[in-house]
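These protein sequences, in sequence, are chains A and B.
Numbering-wise (the working numbering), the first sequence opens with residue 13 and increments by one.
Numbering-wise (the working numbering), the second sequence opens with residue 1464 and increments by one.
Derived from the structure by calculation, the hints contain no laboratory data.
For glycine and all other residues, C-beta sits at the position ideal for the given N, C-alpha and C.
Treat the hints with care, as some may be off.
Claimed, not checked - List of simulated lysine to aspartate or glutamate pairs, EDC-like, C-alpha gap at most 20 Å:
1. 47/A <-> 1475/B
2. 107/A <-> 1540/B
3. 397/A <-> 382/A
4. 348/A <-> 302/A
5. 398/A <-> 386/A
6. 47/A <-> 1482/B
7. 263/A <-> 1466/B
Claimed, not checked - Here's a subset of chain B near chain A, in silico, CB distances under 8 Å, partners left out:
8. 1471
9. 1492
10. 1505
11. 1506
12. 1524
13. 1527
14. 1544
15. 1552
What the hints assert, rightly or not - Over 12 Å on every C-beta distance to chain B, these chain A residues come out as not near it, computed from the model:
16. 14
17. 66
18. 80
19. 98
20. 111
21. 123
22. 134
23. 147
24. 152
25. 282
26. 289
27. 313
28. 316
29. 386
30. 389
31. 409
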Amino acid sequence: MYDVIIIGAGPAGLSAAATTANQGLEVLVVDEYMKAGGRLLGQLYEEPDGTYWNGIKESNHLYERANQSGAEIKLGTSILNIEKSGDVWLVYTEKDTYETSHLLLATGAAESPSPVPGWTLPGVMSVGAAQVMTNVHRVKPGKRGVIIGVNPLAAVIASELQMAGVEVTALTLPQMNGLNEEAAHPKQVMNQLLHVAHMAPSALIRQGSKWMKPSIMQDLGITFYPKSGFKMWGIPVHLRKAVTEILGDEKVAAVKLATVKPNGDVIEGTEEIITCDFVCIAGGLYPLTELAAVAGCPFYLVDELGGYVPLHNERMETALDGLYVAGNITGIEGAKVAIAQGVTAGLTMASNHGVQGLKDRIEQSIEEIEQTRDNAPFHFHPDVKKGKQIVQEKWEEMMAAEQPL
Amino acid sequence: MSERITDHPVLDPIERKKEVSFLFNGKSYKGYEGEPIAAALLANNIRTLRYHEESGSPRGIYCNIGHCFECRVTVNEKQGLRACLTPLKEGMEIQSSGMLPTPVKEWRETHV
Ligand SMILES: Cc1cc2nc3c(=O)[nH]c(=O)nc-3n(C[C@H](O)[C@H](O)[C@H](O)COP(=O)(O)OP(=O)(O)OC[C@H]3O[C@@H](n4cnc5c(N)ncnc54)[C@H](O)[C@@H]3O)c2cc1C
Ligand code: FES
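Here chain A stands alone, though its shape is the one from the complex (with noise of 0.2 Å):
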């Protein structure tokens, strides 16, 4: 029997660990993967000041400490259920069932898949997939690559990618089908650029950033893209052309790339091939919620947070006594704030189990993660803070519900 149990040895979960630990308690922390640190390990940007957020020593750095504050992580281990039984939540993995009176779910994000016709072929992944087999693992995803979906992440990785000398030829758009409207319709996706486009090293996008705020000229900018695209980090991104097809026999050999018009629809007769022999799909991330769902917590669609969250308080409480959630299980958004959110749920953990006098740096640590949200260098979706108003609002409304007249 454990105090605390923490499913996920990313930032979240690491960060949470240390905190109660710290606090006196027993702490295990399990996660599936090989490594700890999460999503973490593949990151590797510039920061404004020109430093570099190198993943690798973060995440080393919060697994030292997170080992030094006593907390046991077991590596390796998949859960694959959680149930509560009386006042304890019982863990299960393929070998062993661990209890624990505290149980916090650090389980991440996943991307979404974004069908494109031939994605299953050898040689197709996610960008993730691509970023943690040359960041983390050292193995390039091959020799040169197309990416598929014009987001945040997939622009932050395609220069990861020619950093470790992996050539990305292109980022283009997915066709248009009805699904993924927002992805493939390029006004929006000029939109979101427009978003990280401080970040872009490109003197084009920066400029654009002023003038094309309006609608009517974000109309013009985009009928006005030159059809062979612009640069970004050195890198082609085409808001006019969109892959309809990935070709090969036995892997991927080419994608087979067409103009489109500005409402997305392909344009006969423009095909073109493009040679590759790797393709990446940048669908976008959501909340990684199973355990919760399973466990029975109440969810909200909150788009602004990129899907299904389990409703939460701030102190990262769910509705479901004993159970918490830290991390990109409760939104989207970048590790810093993920460790922040470990340190609320730590320490509001280590509260409830009786330790004295935390509530005035439960209280600071709630506003230090508006703050680090506040700093982030982007957001994966600009109106996060929306989406975090939301779930306050909704647990309220769940709240008073419950409350006796």
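Since chain A is already given, all that's left is putting chain B with the ligands on it; use the hints.
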């Protein structure tokens, strides 16, 4: 063609543990102990990890972090392990799974 990245401009070199030999579909390859099977195979220029149970079409990694189950292989006779999550060990015998019989579908094709 895939290759290992040995001189990254920003990231420190990773600690490569010992080099090990393993079998994939009966052929011998080399990789590093502790790296995911999927990475070791890709470094050997192998992308196809299995053949779809019904269609027989080749499949490789998709998510590379344990979510999609596209990378299932048999390791030392244990079926259904995710190649992207399973660390490589000396002497591992890895097998890609193949097409399974689809008796109901075949029966329907001739009877319905
Ligand atoms: C592919 C990908 C790439 C990303 N790249 C970036 C980026 O470049 N920059 C950026 O700012 N943000 C990126 N993100 C967002 C990222 O989610 C956050 O930056 C941050 O890592 C979230 O931290 P977390 O602790 O909530 O979750 P994670 O870092 O995702 O950690 C969750 C951990 O939980 C484990 N886990 C999940 N389910 C189970 C289970 N059932 N059993 C056992 N273990 C489990 C996972 O193995 C993982 O290690 C990326 C996300 C993904 C999915
Ligand atoms: S590639 Fe998705 S689970 Fe291994």
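Status of each hint after checking the structure:
1. 47/A <-> 1475/B: 16 Å, holds
2. 107/A <-> 1540/B: Holds. Residue 107/A to residue 1540/B sits at ~18 Å (cutoff 20 Å).
3. 397/A <-> 382/A: Cα-Cα ~9 Å, so holds.
4. 348/A <-> 302/A: Status violated; Cα separation ~23 Å.
5. 398/A <-> 386/A: 13 Å, holds
6. 47/A <-> 1482/B: 19 Å, holds
7. 263/A <-> 1466/B: Given that 20 Å is the threshold and the Cα spacing comes to 17 Å, the pair holds.
8. 1471: 6 Å, holds
9. 1492: For residue 1492/B, the interface hint is violated, since the closest Cβ of chain A sits about 13 Å away, which is over 8 Å.
10. 1505: 5 Å, holds
11. 1506: 5 Å, holds
12. 1524: Holds. Min distance 6 Å.
13. 1527: Given a least distance of 3 Å, the restraint on residue 1527/B holds.
14. 1544: This hint is violated: residue 1544/B lies away from chain A, its Cβ roughly 11 Å from the closest one there, beyond 8 Å.
15. 1552: 12 Å, violated
16. 14: 23 Å, holds
17. 66: At roughly 7 Å from the nearest Cβ of chain B, residue 66/A sits no farther out than 12 Å, so the non-interface label is violated.
18. 80: It holds; residue 80/A is separated from chain B by about 20 Å at its closest Cβ, greater than 12 Å.
19. 98: 31 Å, holds
20. 111: 24 Å, holds
21. 123: Check fails; 6 Å does not lie beyond 12 Å.
22. 134: 3 Å, violated
23. 147: 6 Å, violated
24. 152: 5 Å, violated
25. 282: Non-interface label stands for residue 282/A: nearest chain B Cβ at 29 Å, farther than 12 Å.
26. 289: It is violated; residue 289/A is separated from chain B by about 7 Å at its closest Cβ, not greater than 12 Å.
27. 313: Correct as stated: the minimum Cβ-Cβ distance to chain B is 20 Å, above 12 Å.
28. 316: Label holds. Min Cβ-Cβ 22 Å, cutoff 12 Å.
29. 386: 27 Å, holds
30. 389: Residue 389/A clear of chain B: closest Cβ-Cβ about 17 Å, beyond 12 Å.
31. 409: Consistent with the label, residue 409/A stays out of reach of chain B, its closest Cβ about 32 Å off (over 12 Å).
Hint violations for this structure: numbers 4, 9, 14, 15, 17, 21, 22, 23, 24 and 26, all remaining hints satisfied.
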